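Please arrange chains B, C and D on chain A, whose structure you already have, making use of the hints.
4 protein chains.
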Amino acid sequence: MTKKTTTALSHHNLTDVYYRDRSLVNDIIAKGQTPDFVAISAWHILGRELSPAELRVLNAILITLMEHGLTPSAIATRSIYMSAPENLQGAVAAGLMAVGSSFVGTVENNARLLDRIISVPEGQRAALAAEIVTDHRAQRVFVPGFGHHLHKPDDPRALRLLEIAEENGLAGSHCAALRLLATEIDAQAGKHITINATGAVSALLGEMKVPVKLMRGFCVLGRTSGLVAHIAEEQKRPIGRFIWDLVDKAVPYAPEEEGGQGND
Amino acid sequence: MTKKTTTALSHHNLTDVYYRDRSLVNDIIAKGQTPDFVAISAWHILGRELSPAELRVLNAILITLMEHGLTPSAIATRSIYMSAPENLQGAVAAGLMAVGSSFVGTVENNARLLDRIISVPEGQRAALAAEIVTDHRAQRVFVPGFGHHLHKPDDPRALRLLEIAEENGLAGSHCAALRLLATEIDAQAGKHITINATGAVSALLGEMKVPVKLMRGFCVLGRTSGLVAHIAEEQKRPIGRFIWDLVDKAVPYAPEEEGGQGND
Amino acid sequence: MTKKTTTALSHHNLTDVYYRDRSLVNDIIAKGQTPDFVAISAWHILGRELSPAELRVLNAILITLMEHGLTPSAIATRSIYMSAPENLQGAVAAGLMAVGSSFVGTVENNARLLDRIISVPEGQRAALAAEIVTDHRAQRVFVPGFGHHLHKPDDPRALRLLEIAEENGLAGSHCAALRLLATEIDAQAGKHITINATGAVSALLGEMKVPVKLMRGFCVLGRTSGLVAHIAEEQKRPIGRFIWDLVDKAVPYAPEEEGGQGND
Amino acid sequence: MTKKTTTALSHHNLTDVYYRDRSLVNDIIAKGQTPDFVAISAWHILGRELSPAELRVLNAILITLMEHGLTPSAIATRSIYMSAPENLQGAVAAGLMAVGSSFVGTVENNARLLDRIISVPEGQRAALAAEIVTDHRAQRVFVPGFGHHLHKPDDPRALRLLEIAEENGLAGSHCAALRLLATEIDAQAGKHITINATGAVSALLGEMKVPVKLMRGFCVLGRTSGLVAHIAEEQKRPIGRFIWDLVDKAVPYAPEEEGGQGND
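Residue numbers (the working numbering), protein chains in the order written: chain A, -19 to 244; chain B, -19 to 244; chain C, -19 to 244; chain D, -19 to 244.
Looking at chain A on its own, in the form it has when it is part of the complex (with noise of 0.2 Å):
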């Protein structure tokens, strides 16, 4: 009978500190190394090593999913940063919380689908795929992970991940599935609908095995840098009294029109 313990990632005592079963510094940022925060923040993160080619797919997703201009995270980010910059941490941390449902959480709803496709023989997938789109296009839903209001008739990320998955040798069953889920659904759309960026990164996340549940984790990662470089901007050229000023003078107020839409 094992007592129960409260963390495996960490322990540490007068003279060091553990990451798992390792030494923070005989081991990990040891003599010889060469340190590589990616690599071991997905192997404490996961509890594996990840192989120098999961290692590059890693990267490219993070690198992807950190930017994309004035974003409702950014300006989420700019707008407390301009009111509390004492406290940058908290302007990253209200950023961080845009890593939802609306965008990034199709990354979980996507890998749902991908892992529903798989998990029958592979001579039922495309039908599978199939009905899916079906039911999506009945209730009138986009599949998750597909479309994208910004970029036509490609998301580029999209396509360019899944080649770093192919270059890499990682393009397996999940990849697999989601093209399936992409033919049917430009065939029963009867035009092409890009795959978008967080289709591409649910399949190369499965590819990685990530849980579903887990998978926002790394989302959060890769935007957590973007987000300080918008505060290292903020703190060179402002711009958080700009989009308040266009924000609050964009439609002035109309009483009149207030009636007939009442709160209530």
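What the hints contain is simulated information worked out from the structure, not anything from laboratory work.
Please read all numbers here as calculations on a predicted model, not as lab measurements.
Remember, identical chains collapse to one label, so a pair may be satisfied in a single copy or spanning two.
The calculated lysine-lysine pairs, modelled on DSSO-like cross-linking and capped at a C-alpha distance of 30 Å, are:
(1) K216 / K189
(2) K216 / K193
(3) K216 / K229
(4) K171 / K229
(5) K132 / K171
(6) K11 / K171
Frame of chain A, contents of chains B, C and D only:
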């Protein structure tokens, strides 16, 4: 006369996304490139490419700031994750808010002391370090970047980070200023007091010319992956409720005790 | 054709601020008025004035949700406050993130069950309640709004809130539906299981026609003052470090134990 | 020798919950009581009961801090809510993080000036106020609590709050010290500069003996219901995407401009 642009960090069109002036898919994660999240993050945040030596040092810093067991930061993340598991990003955000003045803020405070020492001619630096230490002792406050309640006689992370700077030819005036302070602290205390991890981090980020007010951004980035690891473990072996019970039952409320120390 | 306005909540000019269509200083906190934060908050959030009876009930709800000792929410707030005391708002924000699915989310889930019961003719409601309880038992999940690990046989808060609704003539169909569920749960379980505070809150907010997806907003408001109280106490009698030590030392890491239950 | 208790704020047993030394259900929301969230919150936070006059003033303060349209705080809340609507509490938390040094922090800074003025004998206060104003002018910084970019010649909220203090017999030394500063500022500037809302709030909280470092807690409480109102409106008439588009398209990126002002 130039008109003001909102951001130089990113722009996009139908078929491409740019990070600063580079195409994400054609330049940054392009065919033939080995994508490196830390290198791209640093370039994106700082607006310049780090040298290979700087990158090795930055990776070591990020790894070092990632984890230290069940700290207040990890406790907050675990507590929030058990309360709102649908909201992984909120749990990370909650924990990141601990990257504040009490712990990581010492990076900035130490960096300001180092900048002050470096700002005087080399021959006067030891004297200024002595004066700084004397002042702190007179005010009975710790010199930021020194001492650690869990690591004695030395914080192993600090020693190793300073070595890594030397191995990579990056130990310059900031590291020298830190050592001047260390020598004076020991001399005036009459015993050895360790340089701690935040002291070493501030010297190394200083060598890389990271602005003081941006240093905390790198601390946040490093911490993020550690908090994701805590969530990953919480998903497999939850201890959130154990922490709650432990604290809730710690010491029963003693009404009779309240009289003398009311919150009035 | 009306053009879209950004918000009907507030507009301002050089000499006045309006909350919806009322002048803050000339109408809301005007001479001769008794300013009532809860009444104005409810009117501002819901777009209608609450009756005196509704206001009494809402005050009781907010007070009830304010505090329950060292919960995960309070632990997070305390842990963050000790780490970043310069950033009181971040500590409150961290604790508020615990107002999620595991605890307060049951308000919404229970409210949806009550709405479902109310949507059928009165004569069929008991049967539907029975069916709902049977379904939950079959799936071996708790009916949201019932049971409490700290309060037995009854959650005193739930009983009192339901009484307050009755005292104020507000106990209508939602309270009746909740009691139908309660009767069925006891019958099928063969023992008494308490309605808990969130169950009662959901019935009462339902009686006040608060939309289900907005109910959590009132929970957040009530919780906020409780978390500010924890910070006030932390300023006078800090226990943040005590919590940290307690958790950090709870159970030493047992490397030998790790083998069989790795995080892979 | 007393042993340390964790908290005096709350304890609970199987059948009751206590807020400080009072039973929630038998004392605070007991039969015959009119439950008052603001009164109980203030008592819980401050450890003493407010007088009816103080309560009226506190209600006016909370109402005043609740709302000011599409501020950075509301923009952050709206942006996060559109990104993660399943996570209402995160959107509130994001907006609350704007209650920082740039806006609400002036409450604290002004309060410190008032405390300084009050700490000298009454006959010397005008001279000290003059000296404080002279110092700020010499350093070319605003006196905290004065001036407003949207309200001229007077911030109507400040005037009304100070009136309310007088109507309730609460205008004492803090309000007098604020007026001394106001007189000096106008005299030295040669024109009228308004006391702003945060200036008045700091004087009034000072009259109520709220510790300076806790003042921000009341600002957070007032703001919370305003942010919930913004979410309620976002649920009915979303503008999150409109804000995003507005900012994203504000001014197109001009690569040629970048040369001279790189982020290096």
